[in-house]
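There are 4 protein chains.
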Amino acid sequence: MEYFYEIEMEVRDYECDLQGIVNNSVYQNYLEHARHQFLDKYGLNFAQLHNDGIDGVVTRIEIDYKDSLRPGDRFVVRLNMTKKGNVRFVFNQAIFRKSDDKLMIQAKVFGVLTQNRRPIAPTVFDETLKAHGLVMQQEK
Amino acid sequence: MEYFYEIEMEVRDYECDLQGIVNNSVYQNYLEHARHQFLDKYGLNFAQLHNDGIDGVVTRIEIDYKDSLRPGDRFVVRLNMTKKGNVRFVFNQAIFRKSDDKLMIQAKVFGVLTQNRRPIAPTVFDETLKAHGLVMQQEK
Amino acid sequence: MEYFYEIEMEVRDYECDLQGIVNNSVYQNYLEHARHQFLDKYGLNFAQLHNDGIDGVVTRIEIDYKDSLRPGDRFVVRLNMTKKGNVRFVFNQAIFRKSDDKLMIQAKVFGVLTQNRRPIAPTVFDETLKAHGLVMQQEK
Amino acid sequence: MEYFYEIEMEVRDYECDLQGIVNNSVYQNYLEHARHQFLDKYGLNFAQLHNDGIDGVVTRIEIDYKDSLRPGDRFVVRLNMTKKGNVRFVFNQAIFRKSDDKLMIQAKVFGVLTQNRRPIAPTVFDETLKAHGLVMQQEK
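Protein sequences appear in the order of chains A, B, C and D.
Read in the working numbering, the first sequence has 174 at position 16, and its numbers run on one by one without any break.
Read in the working numbering, the second sequence has 289 at position 131, and its numbers run on one by one without any break.
Read in the working numbering, the third sequence has 206 at position 48, and its numbers run on one by one without any break.
Read in the working numbering, the fourth sequence has 290 at position 132, and its numbers run on one by one without any break.
Bound conformation, chain A alone:
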């Protein structure tokens, strides 16, 4: 899979739980931070969209846990974006351990944009990314 963006981060001890590994819920924090940083980079800030009357909302998340990050691990979150049907967009995200590029987490995060509480086509994403040479493929 070709990714649009990557960000490198490091496990912080307080993110680890009793089992000595990063708690399952913390990966959602990593994934969210990567999405927000990616969107910010292209001026697609949710706060800004909100001021234009457009709201983004996550409707579904699927996470496959392949292996666990541990204290001190550095890792890379990679992502791209696709379209599914007319209104849904999808973030395809993966987390790789830095030391050996091993896949830790594979995730799909589904969302929609709404205006006046109705779903709208994610044209603003489509066009902004296209202007930077990034193509949101249509998923089957």
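Hints were generated in silico from the structure; no laboratory data involved.
Quantities reported herein were computed from a predicted structural model and do not represent experimental measurements.
Mixed in with the good hints there might be a few duds.
Pairs count within a copy or across copies, as identical chains cannot be separated in the list.
[As the list claims (entries may be wrong)] Simulated pairs of lysine to aspartate or glutamate, DMTMM-like, Cα-Cα distance not exceeding 25 angstroms:
(1) K199 x D258
(2) K266 x E160
(3) K266 x E164
(4) K241 x D225
(5) K242 x D222
(6) K241 x E220
(7) K199 x D213
Chains B, C and D: place on chain A using the hints.
Just chains B, C and D, lined up with the frame of chain A:
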């Protein structure tokens, strides 16, 4: 769906984010807490299983976000357990807002038990629950 | 010390860290939740005060860590409120393990109310609590 | 104040609460991460000390909240270490907003080392740091 267990909880303000709603990752905390409380009730504590050389691990999570909990909301997490194939077990979980019993979150959490790092059939779950009149159905 | 309020809670596994005990920062969550529940009980909700142009802000926190809560522990957070000088109010808070009433955490949380960004006397706290028979003593 | 170490970090949106600012408890996470990174740098890893039978424990924390970090803010956590009495060590920590070097948080974190559950002098810190030209002053 028939549930095995439910636990009532309340949103804490620090669990809410910028948007004034519970952050998406926090629902995983609620879901995990409900699973652990349920298993504890039947003596299926992960710490105890670990001492018997058996480890439980989450392999996949699917969450549908239907609506958002807000500060002050009370809610109920309900769950049951099914089997999928020979080794996987599944927690079917849902979060309902207390005030109107509206569905907020629908989730499936897949896991396996391992012994000596190899997956084993979840017989310990099956038998313990059966002894309490709870049947883990086989999913297709 | 005489307390105005107490709330009972339970340690959740995800709140524990590598060392198998509740992470130091999580006690601040417990303390904040207890303060908000206490204020809510008397209609002193921060959101509501905000609509009246009054904002509450924590200026300092002191926490003595006496002992550690562990997975499964139930505990009680107790609190009262005092005044310090003309504008500061203080929450005196303590966390006791339920099983043996042992003191785990002793804390002082200092705050001020502001209106138009200037500190004001916490009269709204003083009068509301007095109406319920609770007296905010003056600290030396 | 002269600092021994600094680390630069960035606010993540999920760390912010209803008020649109970093939640008070999150600063403890930042402070803890900075301490662990600093100690790691000099081989003073708590996990490693633990294997030598020495445990570090935080006994008290004092935090003055001067101003609030917001989404997107970059910041620097600085720290040094001092001694207080015979057994206590103190981390003096401060958080500065990167854009204008404005002080956000001033904190003192007190700790002790224990061996066989008894407090011991923090000689291992003292000597290791001295070997790198860093002097733990004695606080009055």
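Looking back at the numbered hints, which does the structure fail to meet, lowest number first? none
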